[in-house]
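Each residue of the sequence shown is one higher than the one before, starting from 11 at the first, in the working numbering.
Hints may be right or wrong, so weigh each one.
Unchecked claim - Label-pair distances were calculated between CB atoms; the ranges are:
{"#": "1", "residue 1": "Thr67", "residue 2": "Asn220", "range": "20 to 28 Å"}
{"#": "2", "residue 1": "Gly168", "residue 2": "Thr71", "range": "23 to 31 Å"}
{"#": "3", "residue 1": "Asp298", "residue 2": "Gln341", "range": "28 to 36 Å"}
{"#": "4", "residue 1": "Thr137", "residue 2": "Gly168", "range": "26 to 34 Å"}
{"#": "5", "residue 1": "Lys203", "residue 2": "Gly175", "range": "32 to 40 Å"}
{"#": "6", "residue 1": "Thr71", "residue 2": "Gln341", "range": "47 to 55 Å"}
{"#": "7", "residue 1": "Asp115", "residue 2": "Asn220", "range": "19 to 27 Å"}
{"#": "8", "residue 1": "Asn318", "residue 2": "Tyr280", "range": "19 to 27 Å"}
{"#": "9", "residue 1": "Gly37", "residue 2": "Ile209", "range": "50 to 58 Å"}
Think of the hints as simulated: they come from the structure by calculation, not from any bench.
Backbone N, C-alpha and C define an ideal beta-carbon position, used for all residues, glycine too.
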Amino acid sequence: MSAKVFYITGTSSGFGRELALDLASRGHNVIATALSIDWIEDLAKVDNVKTQQVDVTDSPTILQQKVEEAIKFFGKIDVLFNNAGLIQNGCLEELDDAEIRNLFDVNVFGNINLTRAILPYFRSTETESMICTVTSMGGTVSIGGCSAYCASKFALEGFFEGLSGELNSSQLPIKVLCISPGGFRTNLYSNAKSPKNTIDAYKPATEIMNDLCKQFSTAGGMPKVGAKLMADAMLKEGSAEGREIPLRLPIGSDSVKFTLDKFKRESEMYEAWRSFAAEADTKELVLDLASRGQKVIATALSTDLIENFTKLDNAKTQKVDEIDSPANLQQKVEEAITFFDIDVPMNNAGFSQTTSCIAFFTYRIHCFVSCLTFSDVSFHDQAIDTHFLRHWLQSFIYAKACFWQLQRLSKKVFCSERLKTTEAVSAASRDSNRY
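Start from the sequences and build out the full structure, keeping to the hints where you can.
Structural data, given as structure tokens:
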């Protein structure tokens with residue numbers, strides 16, 4: 011295997027330092043960074059290692075300059091390893107705004123901004139690259155007395171899982187790896203910050219967390235061993251050889267145990283509440299209305315998705331793509347009216363849902379939400395250039411198409427699950443004419 015170049019943050023101690031030394035010993039090149047260059051001057055003496063001062067809380071412009079500078083050391087970067095972070099103990103009520111923001115500036119925004127700075131370079135190389143981020147078992151299981159730290163790690167898990175999906179769907183050769191260590195003997199725990207304000211009522215929770223930090227800093231796993239496993243996974247060597255590396259990689263038995271225990275509890279809870287949750291499904295609602303003798307026009311992106319509704323005596327199905335042009339949506343509404351007179355349209359389509367479904371319910375109540383009038387709202391979608399905004403705009407356009415027909419029939423009940431603040435939305439639309 012040819013030598014790779016690893017760009018590692020937070021190498022003054024713990025996993026970052028041990029990983030830099032491990033990778034260098036394997037013949038790979040390392041750019042080791044730290045908040046102060048003085049903290050890593052010994053690493054500069056190691057073969058295959060270059061050092062750089064990096065403050066991950068610097069502006070995106072400065073971080074971009076740091077990445078460009080780092081590329082010049084070895085002519086390329088293959089792997090970004092986000093390791094910089096800190097821990098802030100304390101219960102939610104004890105922490106002030108500054109303490110929480112400082113934590114998120116380092117743990118979340120620092121990692122995200124550095125990742126954004128390097129992504130254009132990774133895309134330009136069109137070669138296999140990797141973005142690794144050290145999260146924590148606290149990114150899956152939140153621990154009382156450390157809620158802010160865990161929340162920052164939850165945020166990283168969410169961002170980088172989403173990034174993985176974005177890169178995969180774009181077929182870019184960039185892999186994302188979230189590394190979830192358990193408790194290790196690193197300075198992270200011994201340097202954990204305590205809240206400036208303490209509340210006696212939360213003393214039991216804070217004592218538990220403080221005890222855990224002491225336990226991890228003195229009797230946790232060895233960072234050198236953890237770093238070796240991380241290197242093995244990134245390089246597919248050692249016990250990781252020949253294995254498909256997952257998005258989330260646990261390091262330490264406690265990480266596996268804590269996570270599996272939570273998944274088991276939550277799996278049991280979701281199963282217990284499955285039938286309750288299903289009562290909200292649009293399909294269930296269509297069946298419920300039909301069973302009451304009401305007439306239903308059920309729509310979806312594909313009629314195959316709602317084929318079972320055709321077997322109902324008082325239901326019709328229709329293919330509708332909510333992001334079609336206003337003219338096409340107008341035609342769909344006119345077609346729907348030939349099935350049944352429409353009393354209440356219910357706009358339930360959503361691009362994040364498994365089944366994007368809009369149901370026109372002939373059901374003479376307001377169906378969970380307020381009435382809405384769109385008669386004097388103008389819509390213009392030319393300036394909307396994102397899928398998200400376009401989707402919402404088309405919801406309004408579709409609603410207006412429905413309204414025109416309902417107005418013609420002197421019926422003015424419109425229901426939308428997304429528009430619960432309907433009067434405010436309608437008023438704002440009339441005032442600004444911006445839709």
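Verification of the supplied hints:
Taken as a hint, the range 20 to 28 Å holds for the pair Thr67 and Asn220, whose Cβ atoms sit roughly 26 Å apart. Between Gly168 and Thr71 the beta carbon distance is about 25 Å. The supplied range of 23 to 31 Å therefore holds. Our hint of 28 to 36 Å for Asp298 and Gln341 holds, since their Cβ atoms are close to 29 Å apart. The given range of 26 to 34 Å is respected by Thr137 and Gly168, whose C-beta atoms sit roughly 27 Å from each other.
Between Lys203 and Gly175 the beta carbons are some 33 Å apart, a value that agrees with the proposed interval 32 to 40 Å. Take Thr71 and Gln341: their Cβ atoms lie about 50 Å apart, and the range 47 to 55 Å holds. Between Asp115 and Asn220 the C-beta distance comes to about 24 Å, which sits within the given range of 19 to 27 Å. Checked against the hint of 19 to 27 Å, the pair Asn318 and Tyr280 passes, with Cβ atoms roughly 24 Å apart.
Separation of Gly37 from Ile209 is about 53 Å and conforms to the stated range, judged on CB atoms against 50 to 58 Å.
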